[in-house]
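J.: One line per chain: the protein sequences are U and S, in this order. One point on numbering: in this note's numbering, the residue at position 41 of the first sequence is 41, and numbering is uninterrupted. One point on numbering: in this note's numbering, the residue at position 299 of the second sequence is 299, and numbering is uninterrupted.
Just so you know, these hints were derived from the structure itself, not from any lab. Heads up, a few of these hints could be off.
[To be verified] Each computed SDA-like pair below joins lysine to any residue, with the alpha-carbon atoms no more than 20 angstroms apart:
id	chain 1	residue 1	chain 2	residue 2
1	S	K418	S	D149
2	S	K418	U	K13
3	S	K418	S	G273
4	U	K13	S	K325
5	S	K325	U	A78
[Stated by the list, open to error] Quick look at which bits of chain U chain S covers, simulated, 3 or more residues with Cβ under 8 angstroms:
id	stretch
6	8 to 14
7	30 to 37
8	58 to 64
The model shown is predicted, which means the values in this text are computed figures rather than measured ones. Every residue gets a Cβ at the ideal spot worked out from N, C-alpha and C, and that includes glycine.
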Amino acid sequence: MALTPSDVADLAKLARIELTHAELEHLAPQLEVILDAVARVSEVAADDIEPMSHALPLTNVFRDDVLRPSLPREQVLAGAPASELDRFRVPRILGEEA
Amino acid sequence: MNEILRTTAVELAAKIKARELSSVEVIHAHLERIAAVDPDVHAFLHIDGERALQTATRIDTKIAHGEHVGPLAGVPLALKDVLTYAGAPTTCGSKILAGWIPPYDATVTRRLLDADVVIVGKTNMDEFAMGSSTENSAFGPTHNPWALDRIPGGSGGGSAASLAAFEVPLAVGTDTGGSIRQPASVTGTVGVKPTYGGTSRYGLVALASSLDQPGPCARTVLDAATLHAVIAGHDPLDSTSIDAPVPDVLGAARSGDVAGMKIGVVTELRGEGYAPGVEQRFGEAVELLSTLGAEIIEVPCPHFVYALPAYYLILPAECSSNLAKFDAMRFGLRVGDDGEASAEQVMAATREAGFGAEVKRRIIIGTYALSSGYYDAYYGQAQKVRTLISRDFERAFATVDVLVSPSTPTTAFKIGEKVDDPLAMYLNDLCTIPSNLAGNASASFPVGLAPEDGLPVGLQVMAPPLADDRLYRVGAALERTLVGQWGGSLLDRVPELTVVG
Numbered sequence: 001m002a003l004t005p006s007d008v009a010d011l012a013k014l015a016r017i018e019l020t021h022a023e024l025e026h027l028a029p030q031l032e033v034i035l036d037a038v039a040r041v042s043e044v045a046a047d048d049i050e051p052m053s054h055a056l057p058l059t060n061v062f063r064d065d066v067l068r069p070s071l072p073r074e075q076v077l078a079g080a081p082a083s084e085l086d087r088f089r090v091p092r093i094l095g096e097e098a
Numbered sequence: 001m002n003e004i005l006r007t008t009a010v011e012l013a014a015k016i017k018a019r020e021l022s023s024v025e026v027i028h029a030h031l032e033r034i035a036a037v038d039p040d041v042h043a044f045l046h047i048d049g050e051r052a053l054q055t056a057t058r059i060d061t062k063i064a065h066g067e068h069v070g071p072l073a074g075v076p077l078a079l080k081d082v083l084t085y086a087g088a089p090t091t092c093g094s095k096i097l098a099g100w101i102p103p104y105d106a107t108v109t110r111r112l113l114d115a116d117v118v119i120v121g122k123t124n125m126d127e128f129a130m131g132s133s134t135e136n137s138a139f140g141p142t143h144n145p146w147a148l149d150r151i152p153g154g155s156g157g158g159s160a161a162s163l164a165a166f167e168v169p170l171a172v173g174t175d176t177g178g179s180i181r182q183p184a185s186v187t188g189t190v191g192v193k194p195t196y197g198g199t200s201r202y203g204l205v206a207l208a209s210s211l212d213q214p215g216p217c218a219r220t221v222l223d224a225a226t227l228h229a230v231i232a233g234h235d236p237l238d239s240t241s242i243d244a245p246v247p248d249v250l251g252a253a254r255s256g257d258v259a260g261m262k263i264g265v266v267t268e269l270r271g272e273g274y275a276p277g278v279e280q281r282f283g284e285a286v287e288l289l290s291t292l293g294a295e296i297i298e299v300p301c302p303h304f305v306y307a308l309p310a311y312y313l314i315l316p317a318e319c320s321s322n323l324a325k326f327d328a329m330r331f332g333l334r335v336g337d338d339g340e341a342s343a344e345q346v347m348a349a350t351r352e353a354g355f356g357a358e359v360k361r362r363i364i365i366g367t368y369a370l371s372s373g374y375y376d377a378y379y380g381q382a383q384k385v386r387t388l389i390s391r392d393f394e395r396a397f398a399t400v401d402v403l404v405s406p407s408t409p410t411t412a413f414k415i416g417e418k419v420d421d422p423l424a425m426y427l428n429d430l431c432t433i434p435s436n437l438a439g440n441a442s443a444s445f446p447v448g449l450a451p452e453d454g455l456p457v458g459l460q461v462m463a464p465p466l467a468d469d470r471l472y473r474v475g476a477a478l479e480r481t482l483v484g485q486w487g488g489s490l491l492d493r494v495p496e497l498t499v500v501g
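So that you can see chain S by itself, here it is in the shape it has in the complex (with noise of 0.2 angstroms):
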């Protein structure tokens, strides 16, 4: 494999800005590498090529001629499909929205165009984030590069994928109920869900506007950091972000010093159905974060058994209503329009023909949870959790500078395997919802690979609102010394994925 692939995005700026490596170079390796490796791992739906070199030139010359360029300048990045980027498609992986070219970027977008940050393509997700193993794609499932028949998480499955698969070092995500983390955790990458409010949701297609989040997703604790540093800070375009100076992400990301840091360990978020090498490596984990100097105490938070039923009446209430723009008038999929239906029946028809069975499932339950006689027994009910669960982070969040937990109870699993049975989807998102529900910063960090199936654990750590900093100071430290334990990158144990000729 070409060097340029497996160097992170933080050197391959430092060359590109030094003229060791020109970003048309960087940008034609990874380019080569999507043409070889794609077909087999579907982590992309769009690949601008064209364009990005066009980019790449332009920084080049920048820096020729020693202009002030980006931190992440001449990088290459994978966008996930559900944030506009004008002239190239946004589909969220629906049929409905199939070949729409959006008019305007979203704020991420701009950010990164903004910072010289070179964007190759979209990548692949379930439907409108819907889903936890990117199958409810309507253009196909991505596979997960550490073994090509298993699910790379969802819903920013491709996103995942393509760093894992060294598509591309540095990808962008949205995290509505862990479809960053879990994605990461499954995949060996890191992935990290802002404190809601720290990035922009301007441009993004919303799904469940009270818990979406886009966020950084990178091979490397630093690469994660200096993306997040690129892509937070307050936007006025989007009324809830945080009018707020960015955390130190950078020099926590650079520190990993967790000596004195007080860790929690979620009681609930462990035992029955968490997989035995799930268990083993989040045990090695909290035992070396111990070592490194950090205090770990066991805290109980038990409102967190009702975050899934919560967050699966809240969700599909929100997108239920979200998702009633796609009628059919004045954008994507118009099916049915003879001269003869009317509005209501084409809308009707084009719902029915545009959205994939879990959209279905979610704006049907959404609708029953909002109609009334049930709205206080479901919807009503659910947001009362909410508070709960929020007051048990507060409680926790008195005693403890951070807690942790397995990202996901299980490591990847086949394709095909869950895909009719809602339920046993759902629990996948077990872990990464409380921090969704709550608002708090959360992130994914690879802590080595199941002995059972030689796949990929995570780690989450959730930290509280405005401390992201934490999430990669505990990031670093582990990053730091599990890497000098593994003899290098978790990453450089993906099997060689064939190349296609």
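So here's chain U without its partners, still in its complex pose (with noise of 0.2 angstroms):
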């Protein structure tokens, strides 16, 4: 399985991660060495086999439905990298020519 610098590349924009071009050369070999190493999966004749997500039988679980105390808001925004009239402040969302 051949993976190039600019495959990472894609996948790291999908990931909104920038890599710099040195960590792309660098990731680019090792990552195709784990994905050859993990696609011994597909050995196994696994065809009629449930896939397992979970380690438990789950089935949903709900609360009653009681008001309960959420956090304060001075807590809620104590960890933001940026806050302005009691609201996380982000940078802009649209581009210029939105």
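Put the two chains together into one complex; each comes in its own frame, and the hints tell you how they fit.
T.: Following this line, the structure appears as structure tokens:
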């Protein structure tokens, strides 16, 4: 399975990580080795096997619909990189052309 | 060394309760030890000394007034830095969370505080629990007290090292693919991964939600069982928490009776790639269990050889989703917010600056495994393999009570040796991963030192879901007999650490 630095750049874009050129060069061969190793799962004949997503047979869990206090606003905002007017302040979301 | 430091958690609690020792005295002794040896060991990312002493004072007062206190009241504990404790930083060993103070306690933390356990600090770990050596911590590696140039295992290397360095008698870890058991194995300590759902994940910063499980770390089997009983049990705040009584781990740890027990040795977890000293001590321990009356049966688990590849697809897939929350918007680091850059650019710049190499590797692998066109071949197939591994366990547990294997293929390796060879690093988790995929209970107990390097070897016990007590039964049997043979705890042989003046 060949993985080029440009493939890694595409994946990094999807994952929202701005990898440097040096990282792309370094990671590509490492990821290729890992992907070759994990591809071993395909050796197992498992066509009729149910996939397992979880260790427990799960059903949804509901709690009683009663009001509970939530965290105070100051505490929620205390860990934010930036806040303003009791809200999270975030960088612009839309581009100039939008 | 101050005798308090070598005393077990259960004995310390008894002495504190009987007012032979004060909790303040006990906490002081441990904080002094941490100040003296942690510059060399680096087990801790944060030491919460002042609050620990205040808590200790309050517990001493409660005892003096004859009030009810918990079973480990006044005893110090180290908490892995992936569990929240309001008022202290939770970093997960990552720059992206450096300095973040969580506004709430994890359920495990809450149970410890309610039981009057004294949390003295947060322990070092591989970034977001990705790693087997604690070298992936953004704040520098932890050193193995047995040999400071060796790794203490990972991701919970800080918790295990803090026990082996006599900095605390108790610690809490989390285990996603072996992060409690592998560090326990290479530091000569006890580490238990409860049945999935046995301990709450509320307030545990998620790595892979279907695999993560908090558990007890200690120097003795009874200490681990006592801590297990404190932190385990149903939690309505965790939707995967098991609503059933906690297995009688304390009774099992006190009994240690393995007569008539059927113990299966997993065929696939030995042989090539296992160090001679690991094989030797494992073989001797199995022999010992046989002389104590257990019946030893060889059990094949043919799909276990596919556990590692399945795990390294499932885990990156889950972690690439879980770590999407580190987006520089609501908490943690934010980089490049110059008023011009878009949210998306800030997000990408922050994740580039805030995540280390291994985290990036796994997020990219996960993104790849979940992308359209590859989903069925990778993630879908890995989930089917997970079913087959689970069936191997079910078949085995139909004939045996527990399974055993070495906990890790080798003893502790040198710091730096495998740091840029991810595949070699992943092999450390070969024996521990199957129990995370299937969700059953599993533990590592010390069984001696490998003759070739004098470093600790661990034996892994795997029990069916909700039969966590069986782990302690086997662990207590081994401990009782081996400590007799060794003439004391294995940890008495940890070299004296240089005490910083």
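J.: Looking back at the numbered hints, which does the structure fail to meet, lowest number first?
T.: Structure breaks hint 2 only.
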